[in-house]
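> Please construct the entire structure, taking both the sequences and the accompanying hints into account.
Just so you know, the protein sequences line up as chains A and B, in that order.
With our numbering applied, the first sequence covers 1 to 299.
With our numbering applied, the second sequence covers 1 to 584.
To be clear, the hints were calculated from the coordinates, so they are not data collected in a lab.
Just so we're clear, the structure is a prediction, and the values are computed from it rather than from any experiment.
Even for Gly, the Cβ is constructed at its ideal location relative to N, Cα and C.
Take these hints with a grain of salt, some might be off.
Stretches of chain B that chain A covers, calculated by requiring three or more beta carbons in the stretch to come under 8 Å of a beta carbon on chain A [stated by the list, open to error]: (1) 336 to 349; (2) 361 to 369; (3) 376 to 387.
To be clear about the criterion: a stretch of chain A counts as covered by chain B if any three or more of its residues have a C-beta under 8 Å from a C-beta of chain B, and this derived list gives those stretches [unchecked claim]: (4) 190 to 197; (5) 208 to 222.
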Amino acid sequence: MTTDVTTEAPVAAPAAPSRRRVVAGRFLASWRGRAGLALLAALFLLAFAGPPAAAWSFEDRDFLAFLSPPTAAHWFGTTQSGADVFVVTMHGMRRSLLIGLLVAVVSTAVAAVVGAFAGYYLGWTDRVLGWVTDLLLVLPAFLIIAVLSPALGQGAWLVMVGLLAAFMWMVTSKMVRGLAVSLRKREYVLAARFMGVPGYKIIFRHVIPNMSSLLIVDATLNVSAAILTETTLSYFGFGVRPPEVSLGGLIADGAATALYAPWTFWFAAGLLILTILAVNLAGDALRDAFDPASGGARR
Amino acid sequence: MNVLEVRDLGVRFGEVPAVRGLGFAVAGGEVLGVVGESGSGKSAAVLAVLGLLPPKAVVTGSVRLHGRELVGAPDKELTALRGKALAMVFQDPLAALTPVHRVGAQIAEAVRVHQDLSRRQAWARAVELLDLVGIAEPARAARAFPHEFSGGMRQRVMIAMAVANDPDVLICDEPTTALDVTVQAQVLEVLRDARRETGAAVVFVTHDLGVVAGIADRVLVMREGRAVESGPVEEVFARPRMPYTRELLAATPRLDREAAVLRGVPRPPVPVLRVENLVKEYRRGVRVVDRVSLDIRAGETLGLVGESGCGKTTLLMEILGLAAPRHGRVVVFGRDTARLGRRDRLALRRDLQIVFQDPMASLDPRMTVHDILAEPLRMHRLPLDRVPELLRLVGLAPEHAARYPQDFSGGQRQRIAIARALALEPRLLVLDEPVSALDVRIRAGVVELLAELKARLGLAYLFVAHDLALVRRIADRVAVMYLGRIAEIGPAERVFSAPRHPYTRALLAAVPLPDPVAERARPRVPLAGETPSPAGPLTGCRFRARCPVYPGLPETARSRCAGEEPELEGQDGAACHHASGGAR
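Have a look at this one:
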């Protein structure tokens, strides 16, 4: 075969039009993708570059302005204790963004990997992974996090991310397993197997990408779910612990004064809504970009 | 007297015309065959006649049933006609039957919608209809659910429902496409009976010229929404006027005219694949593949044929799995699969590749063509610059690499699948029904490509197909499988001209010829029944329940068939105690 084929003029390999590049191109071609990405970038920029730019720091208390409405000095106003709402909110958003995104990515990744391995290999792999999944499903997640939370050191928010993610992936992984069971019989999976591609590579190359729509939708939902769960935990005092703050804790604090000092509540709540909106827009665009069949802007 | 008259029919979906200026007329008791490739607008045309197109479709022109205009008629009026005066048989009988209701109840419902009968009477009529379409034990079958029926039986049920109200026009949209040849022959027979019983005008839509030749009185050839040619079936087949019709006829392989390749040439000496007494059991005792032996030599094509459920695909998967079989041996390029390490197995995979039936399902929809073709190369650490070469080898442009599989037509996708299989320069290519999902002209192109590649690259093919005429065109040797066993094997020339096994003879007899005169002159001996389940107890010859020879045998010969399983001797013969060496 080589002799035959190579007699034809050898061609310089064109730039490999690989999936990553095509997906990125299509993601940026849709207004949702651009808007969502821009909004997310803006929120991140605000959360990380905002506090240094403000005149106040996180620990500062303005004893001349308790519960002041937004002014030139305090852009978002102040709280009852005189803390600058802008700085505090940015700090909170920093945590919430990181927690939300990390939890979503970690839990969806765990769901995809566990589900895909269980569904692709079946047999003992499936059984063992199934037991683990079921076990985690029956554990009362909220109680466990509540019990463990005081034991965590201060600022151990990464452990919090791990805990939240550990209790969020099971239902998705069951769905993923079902999909993987049907995908493993697809001819392109068989073709890859007959090429000699090992199972784990097939899972990451053919099985998981072919359920990316499900996974992206799931991750998007998980961002908001993670932020909201963390909010609930913080409300009960089990989440991110003072002096660290998160949007959830701020909303809980602000709710008490929301009626007569709306700025203590609405800025945090508004930013939470914006965050979730941005994630959803980006998620939708990403799903369309991954799925060549899902119409919309193509090529 | 024309029952159905269609004049200047047009169908548009938005700006895209699907049917343009189509006209035809059918008289009572007459069969009009509508032939065309996919996308020719034949289905859109019949759906327009029935008024079943989605609301966004714009229908113009005139459709008259007994002189009554149907285009633009209120939906209520059409509903009253549909199922009564106008009946339809669809391609996929599983999708057309509700899985949760009994078959009898569904037929009875079709009867009661249009006739004022009691439940009991309607049920009795349903049983009668099942009997009419040749279903054994109709009273019991009526109480069964659709999933208990095979594809052929479901299609019979659909026909029973269609003729339930004695329709004036019966529209059949590819009614036998999903069926095996032997079952197709049975269903066509049932349709002939149904037409005789009801005296209905039949519009028979199909892509298969052989089927049209057998059943139609007149034929209408469609292309790109227009009628290209129409006339009496004998005339169109014998003296096609339009180049397109001629092209279609030329592209259709004919069982009676195909000359098998490489006549009288001795077999090449080097074996690439040897299967010895291979057994695949699903449960204990259920042998889907039972003691199968065959071999393929370098540069040779073995055609493997048989009805669905005969174990062809399982056999392929066993071979391609390169795992140690439970019983028997698989030797690939001189290496026994039972004694392969991981590395050996990976190395062997380079020499053994597969092309699947459905090019849409066998290409990962999430990968670009470049990634698809690069996958085997990456796996085996070969340079990726072969991708453009591969595309050119199968007649595609290297620029196509950036696109996704869905941007290509079926034939092009199959070329991509072939290119992927060739990426590793295999010596044996397994082709699992590689062209049966394609249109006849595209099919001819892909078959030509396969023949050319074989000649150029010295490939050996294991070619699985149910289209016997096609196998005759491409195969050097043929193996016929029945219920997990090889019924007959031998050089293609010998098997097709002098089949020894009654099953081979029956299969060959069931293939419709695209020639109305020859097709109608052939004695019709449809093989009764369908492939039984391999789960049943199998003693003696497994074909004897359907065997046309068996009933006519003397008592002693019959007891031999029942008690002793016939074995296949060597690589040219038939597994039958009464194998005849004579011609068909």
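> Against this structure, judge whether each hint is valid.
For each hint, the structure was consulted:
1. 336 to 349: Per the Cβ count (3), the hint holds.
2. 361 to 369: Since three or more residues must qualify, the claim that chain A covers the stretch 361 to 369 of chain B holds, with 8 doing so at under 8 Å.
3. 376 to 387: holds (count 7)
4. 190 to 197: holds (count 7)
5. 208 to 222: holds (count 3)
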